[in-house]
Amino acid sequence: MVIVNVSRRGFLKKAGAVGLGGSLVGLAPDKAIASEVIAASDDSMGVLVDIPNCIGCRECEAACNEANGFEVPTEEELKDKSVFAEHRRPGPHNHTTVNQFPGGGDGVEARPIYVKANCFHCNKPACVSACIVGAFRKLESGPVVYDAWKCMGCRYCMVACPFGIPTYEYDNPLTPQVRKCTLCSNEGNPNKGGVPACVKTCPKECLTYGKRNDLLARAHEKIRSEPDAYATHVYGEHEVGGTSWLYLAPKGASFEELGFLKLGTAPPPLRTERIQHGIFKYFIPPLAWYGLLGAVMWVARPNADAAMGKAES
Amino acid sequence: MPRLFIAMLTILLGAAVAESARGQDKKMPLAMEELPCTFCHLCENPTPRYLCLRRCPRTSAASIDRKMSLKRGPDLVYLDELENLYLPVPFDHKGHAEMAKMTEGCAVCHHYTPEGAAHPACISCHEVSPKQRDMRKPSLKAAYHRQCMSCHREWSHETACGVCHPPKAGGAKSGVASRRPTKDDIVGKMHPPIPEPHTEIYEPRSKPVPGEKIIFRHKEHIHRFGLKCVDCHREDSCSRCHEKGKEHKQQTRTLAEHHKPCSTCHNVDDKNACDRCHWKEGESKPKPFDHASTGWPLSKQHVELGCRACHKRVPFHKLARKCDACHGDWKPDTFDHAVTGQVLDENHEEADCANCHANRKFDAPPKCDECHDEDDGIAFPAKRPGPEVIPSHRKNDKSTGG
Numbered sequence: 001m002v003i004v005n006v007s008r009r010g011f012l013k014k015a016g017a018v019g020l021g022g023s024l025v026g027l028a029p030d031k032a033i034a035s036e037v038i039a040a041s042d043d044s045m046g047v048l049v050d051i052p053n054c055i056g057c058r059e060c061e062a063a064c065n066e067a068n069g070f071e072v073p074t075e076e077e078l079k080d081k082s083v084f085a086e087h088r089r090p091g092p093h094n095h096t097t098v099n100q101f102p103g104g105g106d107g108v109e110a111r112p113i114y115v116k117a118n119c120f121h122c123n124k125p126a127c128v129s130a131c132i133v134g135a136f137r138k139l140e141s142g143p144v145v146y147d148a149w150k151c152m153g154c155r156y157c158m159v160a161c162p163f164g165i166p167t168y169e170y171d172n173p174l175t176p177q178v179r180k181c182t183l184c185s186n187e188g189n190p191n192k193g194g195v196p197a198c199v200k201t202c203p204k205e206c207l208t209y210g211k212r213n214d215l216l217a218r219a220h221e222k223i224r225s226e227p228d229a230y231a232t233h234v235y236g237e238h239e240v241g242g243t244s245w246l247y248l249a250p251k252g253a254s255f256e257e258l259g260f261l262k263l264g265t266a267p268p269p270l271r272t273e274r275i276q277h278g279i280f281k282y283f284i285p286p287l288a289w290y291g292l293l294g295a296v297m298w299v300a301r302p303n304a305d306a307a308m309g310k311a312e313s
Numbered sequence: 001m002p003r004l005f006i007a008m009l010t011i012l013l014g015a016a017v018a019e020s021a022r023g024q025d026k027k028m029p030l031a032m033e034e035l036p037c038t039f040c041h042l043c044e045n046p047t048p049r050y051l052c053l054r055r056c057p058r059t060s061a062a063s064i065d066r067k068m069s070l071k072r073g074p075d076l077v078y079l080d081e082l083e084n085l086y087l088p089v090p091f092d093h094k095g096h097a098e099m100a101k102m103t104e105g106c107a108v109c110h111h112y113t114p115e116g117a118a119h120p121a122c123i124s125c126h127e128v129s130p131k132q133r134d135m136r137k138p139s140l141k142a143a144y145h146r147q148c149m150s151c152h153r154e155w156s157h158e159t160a161c162g163v164c165h166p167p168k169a170g171g172a173k174s175g176v177a178s179r180r181p182t183k184d185d186i187v188g189k190m191h192p193p194i195p196e197p198h199t200e201i202y203e204p205r206s207k208p209v210p211g212e213k214i215i216f217r218h219k220e221h222i223h224r225f226g227l228k229c230v231d232c233h234r235e236d237s238c239s240r241c242h243e244k245g246k247e248h249k250q251q252t253r254t255l256a257e258h259h260k261p262c263s264t265c266h267n268v269d270d271k272n273a274c275d276r277c278h279w280k281e282g283e284s285k286p287k288p289f290d291h292a293s294t295g296w297p298l299s300k301q302h303v304e305l306g307c308r309a310c311h312k313r314v315p316f317h318k319l320a321r322k323c324d325a326c327h328g329d330w331k332p333d334t335f336d337h338a339v340t341g342q343v344l345d346e347n348h349e350e351a352d353c354a355n356c357h358a359n360r361k362f363d364a365p366p367k368c369d370e371c372h373d374e375d376d377g378i379a380f381p382a383k384r385p386g387p388e389v390i391p392s393h394r395k396n397d398k399s400t401g402g
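Protein sequence lines correspond, in order, to chains H and Y.
Here the first sequence stands for residues 1 to 313, where the numbers follow the numbering used here.
Here the second sequence stands for residues 1 to 402, where the numbers follow the numbering used here.
Read the hints as simulated data drawn from the structure, not as lab findings.
Ideal Cβ placement from N, Cα and C applies to all residues, glycine included.
Please note: incorrect hints may appear among the correct ones.
List of simulated lysine-lysine pairs, PhoX-like, C-alpha gap at most 25 Å [stated by the list, open to error]:
#1 Y:287 x Y:322
#2 H:79 x Y:383
#3 Y:361 x H:200
Simulated restraints, written as ranges between beta carbons of each label pair [as the list claims (entries may be wrong)]:
#4 Y:127 x H:176: 14 to 24 Å
#5 Y:78 x H:85: 36 to 46 Å
#6 H:266 x Y:259: 51 to 61 Å
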């Protein structure tokens, strides 16, 4: 007769060892994933923002609101510079905002710098990765789009986005949606499939719409040809694995001073997905789990003969 | 099993070929696939090391200032491409051309002028709605706005459309009916007038001597000595003078750069001449220039004149004390003798100047003895050659003084 005394502590130790072993196999650095997700499609479209040229007229805000059916600011409201007193984030009823930052230096350099904020349309979007029902999708053509029909309102996307872009219609209790810039690719948008409204309206063409690769080439050409005007870094070229929106900053100003976050080049979903997808690789967790359960059952099986004998005796 | 291996190998090969083709595509420049190679390259076979690129039109207008003169350019230009929506934008061409001299000249705006031709209109290169998107070339709307807004937002901090585009009655934007704007609608309204500094006293930021100050008589230098704005204000930013509601900041310059505009006339290396502009706290200010210190006090109409009326060369040099040096062209039929206070009667008005003013020496009393016997009392100063009047410049004195 073998009596095995399986304590609770012992069980957890064994289960943990098996589980950890399984996940470690998947956690091994996988270069293949990294290169696969960061490379954007050649046809991926984007927008290049020439920050030094922006004059803060906020015509892009007005055009965006018009294209999305939001309240359009009047000419008088656009004139009002007091809106720049506080930093404004894109909200559920305005997908883009222009903020003012003080320019450094004396004289001409002291003039304010204006930065347009909106969804960056990442190459490897965290919102897409975080969405458990697949309501967010990254299109081959660049935009990150949202399907309200699939959305269940968990708002994981809002937590996941490194730029804090998706917003929620808290003012709409019955059919709330997550709202953010769609690069004018949403249904019902008059600019759908073409140049985004903000790009179309910009009076100085500070916004350029085109293939992301062309925009990158143009950005670097601008930096080369006007070294006194532009900082050498193109924000969005490598940040979080690359974004469809690319930004050129004025020389002497750093992106951190202009409200941009200092983010690494690795897309945030890369780490989480590596764990998630890694531990499921080669069907390991189910096998490990069922193996563990089987092993526990095997070890802790009632000794039928002994039990019988005990009963008989 | 071998069949599966061959199939996989085929897929892999196919993928590799596709990948290499994609890599080649990437090297195509900037959405310009449709353009002929000669649009950018001068030679037939450019290589990555020798691209033989054409010069960008923006930088190829070096000779423009020679070809164009301010006088030939228009005073006011109406930009009326959007006339169906707004009233035309009145552009003060002359004013901007004068200011442009202080920066990079006409080429600031007229950045492309083909050899031997008048400068082309903006619209001939910058299309209203370009058929083919060239990221390098802005559309007409952007070309105008880039040209105007970059400076204008510096001084007015206004970016609303209505500042330049007056709304038109019945246009897209509701507004009041108004006439075609004129220059009077611009200067002092759209453009804040620049207050002209009279006398400026500076305190140098890095003081060589404690309490030292520097005087610069701005108005005198402009109106009397005939300095042009561009003589000192070179490569200045527009907002230095134009910025609304802000005292302009002094620029950081080296000692040599500070003295450079002055050195055209003043000997800045002469250590004894420093006190013309520099003085110390508590001492008396340097006095303005007095022509009497040269030994020739200016009188009558000469006081009113700018220095360059007589002193043609810069720096100013001593002139021969002869009226003829400047007034060599005086003749009886071009000179109205009444301005001297002496009207010539009909016997004298035809006479040559030198008949009375011997050797054309106008500062000495006339000699009458060539025609008149002085003892008869019919010659000057006993008798005048006509009625005496109040000289014209004194008349002005009375009218302004009274």
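Quick rundown of the hints versus the structure:
| no. | hint | in the structure |
| --- | --- | --- |
| 1 | Y:287 x Y:322 | violated (28 Å) |
| 2 | H:79 x Y:383 | violated (77 Å) |
| 3 | Y:361 x H:200 | violated (76 Å) |
| 4 | Y:127 x H:176: 14 to 24 Å | violated (45 Å) |
| 5 | Y:78 x H:85: 36 to 46 Å | holds (38 Å) |
| 6 | H:266 x Y:259: 51 to 61 Å | holds (56 Å) |
Going through the hint list in order, the structure does not satisfy hints 1, 2, 3 and 4.
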